[in-house]
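K.L.:
Take the two lone chains, each set in its own frame, and fit them into one complex as the hints suggest.
First to last, the sequence lines map onto chains U and R.
Using the working numbering, the letters of the first sequence correspond one by one to residues 1 to 428.
Using the working numbering, the letters of the second sequence correspond one by one to residues 1 to 146.
Rather than coming from a laboratory, the hints here were simulated on the basis of the structure.
Any given hint could be a false lead.
Claimed, not checked - Okay, derived cross-link-like pairs now, EDC-like style, lysine to aspartate or glutamate, Cα gap no bigger than 20 Å in a straight line: (1) R:K52 / U:E92; (2) U:K256 / U:E98; (3) U:K256 / U:E277; (4) U:K155 / U:E45; (5) R:K52 / U:E45; (6) U:K376 / U:E322.
In case you want the letters, here they are:
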Amino acid sequence: MSMIGLVDCNSFYVSCERVFQPRLIGLPVGVMSNNDGCVIALSAELKALGIGMGTPAFELQHLVRQGRIQLLSSNYELYGDMSARVLAVLEEFAPAVEPYSIDEMFVRLDGFAHERLLAHARQLHCRVRQYTGIPVCVGVAPSRTLAKLANRAAKTLPAYGGVCVLQPGSLETRTLLRKFALGDVWGVGRRLVERLALMGIKSAWDLAQADPKRIRRQFSVTLERTALELRGISCIEMNDIDEARQRIMTSRSFGKLTDDLAEIREAMRQHGQRGAEKLRQQGSLARAVLVFLKTNPFRTDLPQYSPSLAVELPRPTDDSREILHAAGIALRRIHRPGFLYQKGGVMLLDLIDASRQQLSLLDTPLSEAERQRSEKLMRVMDALNQRMGRGTLKLGTPSPGAAWHLRCAHRTQRYSTRWEELPAVRAL
Amino acid sequence: MTPANPTPAHPEPPTLALPYPLALGRAGLSGFPSPAQDYEGRTLDLNERLVKRPSATFFMSVTGDSMERLGIHEGDLLLVDRSLEPRPGHIIVAMVDGEITVKRYELRGEVPCLCSGNPRYAPIPLLDIECQVWGVVRSVIHEYPV
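Pulled out of the complex, with its shape left as it was, chain R reads as follows (with noise of 0.2 Å):
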């Protein structure tokens, strides 16, 4: 039997903190990456977590379907961090022909290639191509319609 009614888990929710100060967001930046445990206590901040250097992280949104199947949907958020050396396996920004591009980096064989997560998109070999590594993404953020 089920009820006709369940129970929320939160019958009203709670009143939301804010984060602690958008500290590395938006307009600024600061040069030093905080160092987090010298503030216990403070509400959890998320660019804290998720933002490691300020200075070469940017924020991109998506479009396209082609990397579905690598988790990242159309509308996402990536973070893109422009400090880090793309190894094998990265999830990469790209510039191909003058576009900025989300592919996966991949070694097929010897041949270091950019990769979709569909099928219909044929790997790009790194060779013939004019192409520059943008920067790589740390992080996806996909927020649900709620």
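Just chain U, with the same shape it has in the complex (with noise of 0.2 Å):
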């Protein structure tokens, strides 16, 4: 039987900052946005003091003034290099890997008989957390809409100890799928939450029993398929789901082996372009961008090399510009000639409202006049591709040019990617 695994890493950012600073196991701590503007990402201990992602860095210093709350700047150098390191981990342990995020990813896990398949992921459980540092949980199921509320149930239900893995049609399935409300479900918006509850339609297992035909003619193709995907049936692929809002990945195969920086620069640039008009659509801003490439694991004939790096956003931007500029310096980082590239892709990360432009008071201002005029330009850009086709207007990769000035007052160093940052261990 064919199964999906969702490996997912425990409050991330905050995670990594342990790794390399033990001392803040335990304690609430929190990551900032650019320009330390406010709060998004958050350890376990800070969510239960009642402090919510988003929160204006300057509303909690009185907290970090008493020392009862720690903050650092985000630190995306760090978070780019361990997310590289736990993908590296998960390809040593399953057979294909996908990122579906910086701090998610998606294993194969075909072929288990079922008490091995739970030994299986347990392992991968803990060697991430060894080999890495960083703490993780396992969700596995035939479907990534179950995989994903696998995951849930792992986090969430102390019981299963960060893993968790559902079999179509067990009872465990089921006991889960009448648990869990339908915002949980992987796709499932507010507002579709409240259509299908006038329907009678409230839990994950009500939407599973739904007749998938009625779904798709009252709402869509779908959410037919999150339907047929909750029974257990594999129709969701990767790419067709941008979940929440929160990330936005484009990536693709080069289509042959290639070391052309030219082509991988083009290749690049397309994704960037891309992810930036997805952006746009969907009204967010990004605050950081990934870029990734892989070399082909499976051939062991050839040196392998899966670099990625994050670089952030001088601001919260959905400007084309500005996130290919910033696509363009991590390309040129992580790029080393000598392999063979196969893949490639860019995330955008860390995404807010667009509408929450308040925001632009505390990271870096944005002139009025500089907004509209960008504005405007990614507007036309968008109008001309659309009528005219994708591609028709491409900007070309911006070469580095002002130097950017970000407030990063609290960041710890960039301990696994800087010779002059490296952890500094103790012998006394």
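P.N.:
What follows is the structure, given as structure tokens:
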């Protein structure tokens, strides 16, 4: 039976920091956005204090001064490298791994008997933790939507100990489907929840039991697929879902193995531009860009290199130019000649609603004139590309211009990507 | 009789070839250790020799002198592999009271201890403190001023 696992890193940004600063373990820790504007990642202890995602950092300064919480500037270089390590460990233990976001990866786990599958999932769980120091939860099921739900169960129900394997039709699967609300299901947004409730569909179980044809008629093919997936029928591919608007990823194989930088740069430019378009369509802004390359792991006769690098944007943005600029910087830093690359991609991270522009007061301010100009340019570009075909109007990869000055007073060292910033180990 | 001007072994040091691409270093990592024997005839790559499991290998720099007797000096570079199970006799990196520390893992009688190479620092029995192994030190790189 074909099974899919979702590996999700727990409080990923904070966990990365804790690997190198063990004193932060068990303390309420938050990571702040560009320019230390607001909190974008929280440890469980910080959430327990009632502090939410997006809280402006200045509102928390009194807690910082009292030493009750720790706030750190974001260190995307570290997070990107740790993400690549997690991916590499998974690749050692599973035949195919697809990054889904900086802290989530899908793995294929085909052909295991049930007991062996559970043991294997446990092994993934503990190997990633041991090798990288990053705690993860593993959810395994016959479809991506169920794997996501299994992961949620692994994360929120202590009895699972971080690993949950759901077989289709099992009592366990049914119990969990009844337990989870519709809003917990991958790809079911708030508005859909309200409309479904009118039809008496309230839990994940109800949706799984609903007549898929009727769901398709009254809603969409997408929701029909979700319903089928909840029954354990796999019909959603990874790129079909842009979940909860948290991240956007565009990636593809190069078609052939290539070491041609020009070719790779052009592919990345397309990914970046496509990602930025999606960002504008859904009305979001990104805070950081992650670029990754992969050689073909099955070609064990060739040298392997699967780098990735995350670069922080100077401010939350949906401007293709800024996104391509950041992607260009990242690509230049990770690309090395002498390797045949199979695949590459661009991820836009830590998205926020564009309508929450009051954030720009906290983040790097953009003058009103600049903003209008950027908006107008992007609108014209999108309209042209829509009317005359994608790629009609392209942007070159801008070369680095003015230096970016980001406030990052509380950034930890880039422990694993800079020689000058290695962690110190005490011999005392 | 000693010659006034000893002949240097390498009158003009040859320009060094760059090592083969630092495949496994820095920002990037590969999942599979590359089977080195498949690329005969290319320049030796120190990464290949020292970094056995890139995803689990971290570099650290040493502060302090307590490990000098064991060959670890202030400023040395440690290659720490988190994939190894620590055994007595290993030099390990451990978290002691929230700090990352390098010690030698030893059995004193039946008691597992963290020991340093300096008698000024008493062995720490592992039973009574908050202590977790961070990783095992695979090698030490000591660079001389040249």
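K.L.:
Hint numbers the structure violates, sorted upward?
P.N.:
Going through the list in order, the structure violates hints 3, 5 and respects the others.
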